[in-house]
Structure formats: C-alpha cells, structure tokens
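**Student:** Between the sequences and the hints, there should be enough to build the whole structure, so can you do that?
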Amino acid sequence: MYGEMSEKFNKLKNIIRRYNSVVIAFSGGVDSTFLARVAGDELGENVLLITATSSTYPFYELEDARKLAKFLKLKHRIIVSEEINIPGFAENPPDRCYYCKSELFSLIKHIAEKEQYNMVLDGSNADDLNDYRPGRKALKELGIISPLCEAGLTKAEIRTLSERLGLPTANKPAYACLASRFPYGEKITKEKLTRVEQSEKEIRDLGFTQFRVRSHENLARIEFNSGEINRAWEMRVRLEDICKKAGFVYVAIDTHGYRTGAMNEALKEL
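The sequence shown begins at 3 in the numbering used here and counts up one residue at a time.
Please keep in mind that the hints were generated in silico from the structure rather than gathered at the bench.
Cβ atoms here follow ideal geometry from the backbone N, Cα and C, with glycine treated the same way.
Any given hint could be a false lead.
Keeping only pairs whose Cα atoms sit at most 25 Å apart, straight-line, the calculated PhoX-like set for lysine-lysine is [to be verified]:
| id | residue 1 | residue 2 |
| --- | --- | --- |
| 1 | Lys142 | Lys13 |
| 2 | Lys75 | Lys13 |
| 3 | Lys174 | Lys15 |
| 4 | Lys189 | Lys247 |
| 5 | Lys116 | Lys72 |
| 6 | Lys246 | Lys203 |
Label-pair restraints from in silico Cβ distances [said to hold, decoys possible]:
| id | residue 1 | residue 2 | range |
| --- | --- | --- | --- |
| 7 | Arg206 | Gly168 | 43 to 53 Å |
| 8 | Leu221 | Asn120 | 30 to 40 Å |
| 9 | Gly145 | Asn227 | 33 to 43 Å |
| 10 | Ile86 | Gly5 | 38 to 48 Å |
| 11 | Arg238 | Asn132 | 27 to 37 Å |
| 12 | Asn87 | Arg233 | 34 to 44 Å |
| 13 | Glu6 | Arg206 | 31 to 41 Å |
| 14 | Glu6 | Lys142 | 23 to 33 Å |
| 15 | Asn173 | Lys246 | 25 to 35 Å |
**Tutor:** Below, the structure is given as structure tokens:
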C-alpha cells in the first residue's frame, strides 16, 4: 500500500515540476493545502495561492486559508467571486457547480496569464471522479489541471501524506461550499446562506466536527457522522435553538447521518 502511495506521490511531484510556475485555487482544505505544500517544495517562490471569498464561503474558512498560507510561507491573494450574482447559479440547477467553477477559474486564469504563471491547478482528488461533479466540465474547458487526480491520489492517501508532512489539515473535516446545503431547485439567497453559516458555526462551537446543516426552505435537516449522532440527539434541544435563532422554523436530525454528496441522491432517483 505504502509503496503504491509513494509512487503516486512521486508522480505528483513530477507533474508539478512540469509547469515551473503555478497558481493554485486555495480553499484551505485538506486537498488544496497538501497540493500547495508539495508545489511550494518543488517550485519555491513560483507558486501563488488564490482564495476566492463569497457568500458561499464562510468567514472562518477564509481565516483558516489565511493562516495556512502563512504557515506554508507561500504568496497568497484573496479575490472576490460572488457566485450568487452569476446568471443561472441562484436558481440552483443540478449543474450549479459548472457556473461557479467557470466564473472562479476564469478569474484565476486571467491573473495567471497576466502575471505570467504557466498553469492553474486545482485540488480535485481521485475520489472526486466517483461523484457527480459538473464543475469538472468547466475545469476542462478552461484547461485547468488537477494534479492530485492525475497522480491517482485518494482523499485517504492525501490525509496520510499530509500527516507525514506535518500539515495541520491532515485530519481536518471535509468541507464543501455552502451552496451544497440546498436541494437542487431551491433558490439560493444571501439570507439563506447566512442562516446556514450561522447555524453551522454555532454547532461547530459545541465541539461537533463532521456534520452538515441542509436547508429545505424553512426546515434544517442536520447530518452528523456516526460517532457524533448520539451526542447530537442528546443535545437536540440546543441544536433546535441554534437553528431557529438563525431563522429556520423546523429542525430535524437525519437518522441516516452525514454523507458527502447527499443532495445528489435526488438526482439518482430521476
């Protein structure tokens, strides 16, 4: 296992060296932080990290990205990419992520070209190929490279390698933009995004690590991982208070628990 992972790691380094200078879309998550670290090791000062802030990106994640870029000692820039203003995005169609990624990576690619960086990289990993990811169409159209995918590195392998490299994100819970909390077809507004962001922040402050507050109009459906769902049930009154204070009318704990791509389950039924 470790031999295969080491081969993938070496392949990743070779892929990155191929481009000499790169811009990385940097969210501060497990994947983009690992990619940034390896790129920094291979290319030194020829790496620029770009983080896009918007209504779908919580402020605490932005602060994490700032701290991690400083930890990595890499150049870091914050730009604004307000997805909610992109025609077609707020209506929340199944290909919503296509509109988002097209806007975001067009902005990043423009910076890369203007400042003469050779390539734009993103942190998609090999596991992402197994889920519905319409945003990958935009990456392909714009010529964005996903080195972790190309090297065949899975999320589990990236976590293991991150731990070996001493990265603080090795065990960071998975994160997805706040727009992923809404079922396809439910209109996304800044007010709804704020409602979800506030609820998740306060629940995280209670010590929960891997969960999602899914928004179904006035209903908050909360998914917790298997190790935390019993505690969540014991604290259901507090959780209800948090979500109602944020603006929800009804609150439910999902007995099926946390899972990635939960909103794509409806697509499989169509």
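**Student:** What hints, given by number in increasing order, does this structure fail?
**Tutor:** 7, 8
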